[in-house]
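**Student:** Sequence:
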Amino acid sequence: MEIALEIDFTRSQIVAAIPGTFFCAWYASQKHWLANNILGLAFCIQGIEMLSLGSFKTGAILLAGLFVYDIFWVFFTPVMVSVAKSFDAPIKLLFPTADFKRPYSMLGLGDIVIPGIFVALALRFDVSRGKGCHYFKSAYLGYTVGLILTIIVMNWFQAAQPALLYIVPSVIGFLAAHVLWNGEVKPLMEFDESKTAGTSEEGADAKSSKKVE
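The opening position of the sequence shown corresponds to residue 1 in the numbering used here, with each subsequent residue numbered one higher.
Just to be clear, a hint being listed does not mean it is correct.
As the list claims (entries may be wrong) - Quick list of the computed label-pair ranges, beta carbon to beta carbon:
| no. | residue 1 | residue 2 | range |
| --- | --- | --- | --- |
| 1 | Pro-78 | Cys-24 | 28 to 38 angstroms |
| 2 | Ala-16 | Gly-173 | 10 to 20 angstroms |
| 3 | Ala-159 | His-134 | 31 to 41 angstroms |
| 4 | Glu-190 | Cys-24 | 21 to 31 angstroms |
| 5 | Asp-99 | Lys-131 | 15 to 25 angstroms |
These are calculated hints, taken from the structure and not from any lab test. We treat Cβ as the ideally placed atom computed from N, Cα and C, and that holds for glycine.
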């Protein structure tokens, strides 16, 4: 019994495989923090691109749950910090410090991907309405502020901090303030990406059928 296996590669995938192989080999041989960060960011970009929350209601519930989850596992148990320090893989971003006892500050990929999916949803909402990237900018600004607060508090107390404690309220808060200011709470809460995707696909099919005719 013969099993046929076909693997198709695009030109861009082949080109991207060259530096990808280099960084993988660099990390495997030297475990350098820069190689770790490049691979980690690649995972983040891929995750944000492939995953979707569907609606802002789902996103808010997910972020609220992970907000509590992150606080519990960082402040009330040593598990999260121990795993992050001991697990030798590009599951976190590393930032060198001048402290010999704590040579690196760490940021878990989940603290990038999970809020990043919510920020990407704001971008898709803007695109679906054809009004530019207004709410995306608010959500992105909220993430930036939350991340800066995390860094400030971490350096002030010299202790591990649950990044989602600061990122989640900032992202949701900045977006909520912008939506309330514009009086567009209802359209945002009723947004369903699956319905929007279906509508866009039907429009594309209609255009293609007209061209064929």
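**Student:** Work down the list of hints and note, for each, if the structure agrees.
**Tutor:** The hints, checked one at a time:
1. Pro-78 to Cys-24: 28 to 38 angstroms: 31 angstroms, holds
2. Ala-16 to Gly-173: 10 to 20 angstroms: Violated: the Cβ-Cβ distance is about 37 angstroms, outside 10 to 20 angstroms.
3. Ala-159 to His-134: 31 to 41 angstroms: 37 angstroms, holds
4. Glu-190 to Cys-24: 21 to 31 angstroms: Roughly 44 angstroms apart at Cβ, these two residues miss the hinted range, so it is violated.
5. Asp-99 to Lys-131: 15 to 25 angstroms: 46 angstroms, violated
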